[in-house]
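Enquirer: Residue numbers (numbering that gives the first Met the number 0), protein chains in the order written: chain R, 0 to 272; chain F, 0 to 290; chain L, 0 to 340.
Some hints could be false.
[Unchecked claim] Calculated pairs, BS3-like style, for lysine-lysine (alpha carbon to alpha carbon, straight line, at most 30 Å): (1) R:137 x R:159; (2) R:215 x R:42; (3) F:46 x L:151; (4) L:30 x F:190; (5) R:159 x R:206; (6) R:270 x R:42.
For the record, the hints were derived by calculation from the structure and aren't laboratory data.
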Amino acid sequence: MSNDTLTPAPTAAAPRAAPAMPDGHSMTVRDLHAHYGDTHAIKGVSMGYAANQVTAMIGPSGCGKSTLLRCLNRMHEEIPGARAEGTVLLDETDIYARGIDVVAVRRAIGMVFQRANPFPTMSVFDNVAAGLRLNGVKGVDLHERVEVSLRGAGLWDEVKDRLGRPGIGLSGGQQQRLCIARAIAVRPRVVLMDEPCSALDPIATLKVEELIAALKRDFTIVIVTHNMQQAARVSDTTAFFYLGELVEHAPTDAIFSNPGDPRTEEYVTGKFG
Amino acid sequence: MSAALDALAPVAGRRRLTDRAMRALLWAGTLVALVPLVLVLWFLLQKGLGALSVDFFTTDPTGNFLGDPGGVRSAILGTLEIVALASAIGIPIGVGVALYLVEYGGQRWFAQAVRYFVDVMTGVPSIVFGLFVYIVLVVSGIGGSFAGWKGSVALALLMLPVVTRSAEVVLALVPDHLREAALALGAPRWKVILRIVLPTALPGLVTASLLAVARAMGETAPLLFTSAIVMGRSWDLGGRMNSLPVQIYNDVSSPNDQIVARAWGAALTLVALILLITLVARFIARRSRLA
Amino acid sequence: MEVGAVSVTAAPPPSVMERGGAARRADPLFKALLTGLAALVLVLIAFFLVFLFTKARIAFAHQGFLSFIFTNDWNPSKEIYGSWPLVAGTLITSAVALVIGVPVAVASALFITELCPRALRQPLTILVELLAAVPSVVYGLWGFYVLAPNLKGAEQVIDDKLGFLPFFGGGPIAGPNYFIAGLVLAIMILPIVSAISREVIATVPADHKEAALALGATRWEMIRTAVLPYSRAGITGGAMLGLGRAIGETIAVAIVIGQSPAIGHSLFSQGSTLAAQIVAEFGEAGSDDLHSGALIACGLVLFILTLAINGAARYLVIRAERAGRSGTRAARAPRPAGGTA
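Just need the whole structure built from these sequences, with the hints factored in.
Expert: So this is what it looks like as structure tokens:
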């Protein structure tokens with residue numbers, strides 16, 4: 000079932016289809032390896048990402064969580080010398096299969112980065128419209144979808160009077176939500192977030208976290224975070240990584256109250272990392 | 000049909016086509032940029048190699064319009080002499096100005112003004128330098144009229160800003176802790192500069208100087224007004240002097256095929272000289288990465 | 000020593016805390032020497048303007064300053080010095096150089112920085128830079144004997160087909176002409192425009208490029224949405240530096256433009272530029288103060304033109320590179336929200 004045939008409802012970012020996989024996973028990774036030149040960054044990870052849930056990926060610096068995230072929409076291969084092998088399924092389609100268009104992969108699996116990165120030469124409106132224009136959305140449709148996306152990112156009321164102003168004129172937290180609006184405007188299936196709050200103050204962080212909770216109704220969300228409280232607050236399941244391997248993936252409550260692996264326990268209790 | 004297959008449907012054909020077309024266009028643009036290089040080198044070799052001979056390098060131009068035009072010995076010697084003197088003037092001054100900017104000038108207004116005008120000088124057309132030296136040294140009749148050394152002065156003016164700009168970059172790369180270590184040992188500033196800063200930056204300075212030399216060597220316009228307007232045959236820097244670029248310029252529109260052939264030979268010689276210097280400069284730059 | 004007498008402890012031996020007079024004077028002397036060299040640059044520039052102006056004044060006085068630039072008649076034998084044909088020739092050839100050279104230079108810069116395999120980056124960069132190693136007079140020689148004769152047929156066809164446009168359709172075309180001069184200039188400005196474009200494009204933060212790719216942009220769409228808008232000012236600056244070069248370029252143009260000081264009928268007519276005409280008439284001007292004054296006035300106009308253009312160009316490039324380093328950017332005039340087209 001395609002979303003493109005439906006007209007956008009003014010209140011929701013996009014109506015969602017039920018997940019296609021019987022296990023309820025929107026994305027599945029099987030035996031994934033990733034390299035940077037000679038460095039083996041991810042060593043055979045397999046896991047699933049439940050549809051319309053928030054999956055957090057945590058672990059100490061260099062554990063491969065961000066690399067794995069970038070493998071999920073094939074941004075990893077943009078880094079010179081980087082390559083990945085294995086299977087990454089969106090529903091049951093391997094996004095690394097031959098004949099799959101990498102551009103389409105990234106349209107279906109959006110991304111929000113660590114540092115808010117609105118296009119500096121574009122206005123608030125144009126930033127959100129950027130991805131839509133690439134896909135040929137025009138005129139009234141465009142305006143509607145920009146508004147829906149800005150509402151979806153909880154930013155509409157704050158910026159509706161200054162849509163024509165430069166996007167980089169907004170505050171840091173607003174910029175990050177603008178980037179979220181830009182990402183959801185093209186109606187991806189999955190939104191990947193790479194430490195989206197690491198550069199934000201606590202109040203802006205709180206707003207983004209509330210937004211994540213609201214967004215999971217429409218999107219499958221994968222978030223990489225350094226901040227364990229944040230993982231505990233926003234996620235349904237949490238995966239702990241160490242030295243390029245998946246140590247444990249379980250409901251968030253279990254990870255933080257009753258971890259199965261001693262390494263996880265040491266990390267979540269702050270003994271290292 | 001699964002939702003994923005729908006979501007992963009390839010992008011619209013028009014977008015993919017535009018992408019391919021634009022990539023091809025940028026690739027084509029790069030090729031087009033390289034075509035002149037290939038063509039120039041090809042014709043230089045094709046037309047220039049034939050002109051080269053022992054006589055070409057060992058005889059002077061006769062100045063005859065008909066018959067044997069002679070070789071380019073005086074032009075080669077003239078170019079080497081004029082450029083050598085220009086380097087002896089331009090490089091020390093250029094490096095000196097750069098030293099001032101890095102070691103003493105900092106951000107004060109005087110240094111900023113010097114920096115600005117050095118930048119301005121790099122943009123001044125070489126012909127204007129030629130005119131300037133012509134007015135100051137040739138018209139005034141200091142030491143006769145046209146002379147090789149006056150051409151050197153014009154070329155030195157051209158080299159100075161080029162040397163200063165790149166030398167400033169190189170000198171700024173010398174780590175401050177080296178300077179501080181030497182100053183802490185009680186060495187006076189000038190000794191630190193001469194014994195520590197300059198030797199550390201030397202390879203970079205040599206590269207910068209050689210690139211300036213390569214640029215000056217190919218200049219024609221400043222020499223036309225200062226060194227020679229005739230087929231000079233002397234290699235006395237105090238008199239009129241021939242040089243490769245001026246020789247080529249004079250030979251270009253000659254109706255005598257032999258003279259035109261000599262122009263191609265001289266051009267090949269000049270380009271070979273310049274490429275040699277450029278290659279040496281790049282080699283030195285590659286051997287020593289300061290940072 | 001009085002200082003030693005006041006001090007409670009024994010006076011330090013002068014050789015430790017004080018240096019001998021000569022050694023003490025060395026530092027300020029060295030500094031003064033270097034400062035003097037730096038001052039020399041400013042003095043030179045001042046000299047430059049004063050000397051050129053005093054020599055050119057006779058021509059400006061004879062003809063009038065505005066009339067010198069805008070009178071369309073350069074006729075030394077009648078002592079009429081209106082340099083408009085030369086100014087126009089300079090502008091025409093430079094325009095041709097920009098129209099042809101800048102797109103090619105920017106294309107090569109984009110290809111080298113954003114598209115080509117890493118292994119090719121360095122070799123391609125060096126090859127493009129090599130274009131700058133060929134001297135002006137050699138480009139002139141090549142343009143005169145290779146480019147002009149070989150392009151004559153094509154030029155004739157274009158001239159005839161576009162005859163309905165102004166500045167085309169001038170009948171039989173000349174070997175050396177504005178277009179050939181512009182083409183040679185395009186080749187000569189290519190390396191600098193390409194080098195500066197590469198530098199500016201390299202300052203586009205990876206953040207913005209990844210943002211575009213993550214939205215599902217193709218590579219070209221990434222260049223269009225993230226790279227080009229960001230580096231536009233810097234590329235413009237690079238193009239203007241190229242323009243400065245083109246305007247002042249002398250010998251190559253002198254050889255392939257025909258050195259005829261009248262505005263031609265078409266793009267494929269002979270003409271002249273300020274720099275080329277100085278070279279052409281310098282010998283004959285000799286001791287005729289007015290004539291050589293007029294040529295020096297041409298040089299002065301050239302100097303001021305390049306000064307203004309380079310100043311503006313440098314401002315654009317420096318601003319663009321600074322913006323690239325700090326990762327932010329002075330806000331542009333915002334487009335209205337509905338500005339779709």
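Enquirer: Take the hints in turn and mark each one as holding or not.
Expert: Results of checking the hints against the structure:
no., hint, verdict
1, R:137 x R:159, "holds (19 Å)"
2, R:215 x R:42, "holds (29 Å)"
3, F:46 x L:151, "holds (21 Å)"
4, L:30 x F:190, "holds (12 Å)"
5, R:159 x R:206, "holds (18 Å)"
6, R:270 x R:42, "holds (24 Å)"
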